[in-house]
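Following the hints, position chain L against chain B.
The listed protein sequences correspond, in order, to chains B and L.
Residue numbering for the first sequence follows my numbering, starting at 1 and increasing by one per position.
Residue numbering for the second sequence follows my numbering, starting at 1 and increasing by one per position.
A few of these clues could be false.
To be verified - Derived DEER-like restraints, expressed as beta-carbon distance ranges:
#1 Gly16(B) with Ile54(L): 47 to 55 Å
#2 Gly40(B) with Val12(L): 15 to 23 Å
#3 Val12(L) with His41(B): 18 to 26 Å
#4 Thr28(L) with His41(B): 32 to 40 Å
#5 Gly59(L) with Tyr96(B): 23 to 31 Å
#6 Tyr96(B) with Thr20(L): 26 to 34 Å
Because the hints were derived from the structure by calculation, they are not lab data.
All figures in this text were calculated on a predicted structure; none of them were measured in a lab.
The C-beta atom is built at its ideal place from N, Cα and C for all residues, glycine as well.
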Amino acid sequence: DAGITQSPRHKVTETGTPVTLRCHQTENHRYMYWYRQDPGHGLRLIHYSYGVKDTDKGEVSDGYSVSRSKTEDFLLTLESATSSQTSVYFCAISEYPSSYNEQFFGPGTRLTVL
Amino acid sequence: EDKVVQSPLSLVVHEGDTVTLNCSYEVTNFRSLLWYKQEKKAPTFLFMLTSSGIEKKSGRLSSILDKKELFSILNITATQTGDSAVYLCAVYELSNFGNEKLTFGTGTRLTIIP
Numbered sequence: 001d002a003g004i005t006q007s008p009r010h011k012v013t014e015t016g017t018p019v020t021l022r023c024h025q026t027e028n029h030r031y032m033y034w035y036r037q038d039p040g041h042g043l044r045l046i047h048y049s050y051g052v053k054d055t056d057k058g059e060v061s062d063g064y065s066v067s068r069s070k071t072e073d074f075l076l077t078l079e080s081a082t083s084s085q086t087s088v089y090f091c092a093i094s095e096y097p098s099s100y101n102e103q104f105f106g107p108g109t110r111l112t113v114l
Numbered sequence: 001e002d003k004v005v006q007s008p009l010s011l012v013v014h015e016g017d018t019v020t021l022n023c024s025y026e027v028t029n030f031r032s033l034l035w036y037k038q039e040k041k042a043p044t045f046l047f048m049l050t051s052s053g054i055e056k057k058s059g060r061l062s063s064i065l066d067k068k069e070l071f072s073i074l075n076i077t078a079t080q081t082g083d084s085a086v087y088l089c090a091v092y093e094l095s096n097f098g099n100e101k102l103t104f105g106t107g108t109r110l111t112i113i114p
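For reference, chain B alone in the conformation it holds in the complex (with noise of 0.2 Å):
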């Protein structure tokens, strides 16, 4: 397995508090994702990681914010959390852009917003 770890791996929180979603990998892989599950919708990317500081938008990316100060750490953070926030979320990483190499995922963080 490739060794990406995130934490917290569960999380309830309450509406309108901040929370900060960790991904961890030690493959030295450039690229990194963050992506949340839902039914019926499958896996969503809200934010993307090419490189140290570079991020760019995914398709469900409001409310959301993300940084990468090293290679191996990627944050997700929700400035204010909200119920429809709640959801479980993905860590994925890739040694590079091509539409020709996978994406290996992380184990998931299960956050409850009440």
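Same frame as chain B, but now just chain L:
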């Protein structure tokens, strides 16, 4: 609109049966199609398909792509209880902005009854 559609949504079969999972897609600039298996945690990579008519095979699993009819199938022969999972199909496309985007289907939930 749904760009990647998987069918059936769920499937229950007996151990030893053969199953076929379907994935149809509708994207403008297709690059590749990927299959993942998701048990209770992270999706794990199965296959990447880029060319029509060339079967990819791994043990009891095989997959093929038809770029003319815009679909792929995943076959599992002699199913075992360990094959119970959600199978995800994803398609890489080149977006209008020149970057590559991975879009997932909602998955097929396969349950194998002993």
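Going through the numbered hints above, which ones does this structure break? Give me the numbers in ascending order.
4
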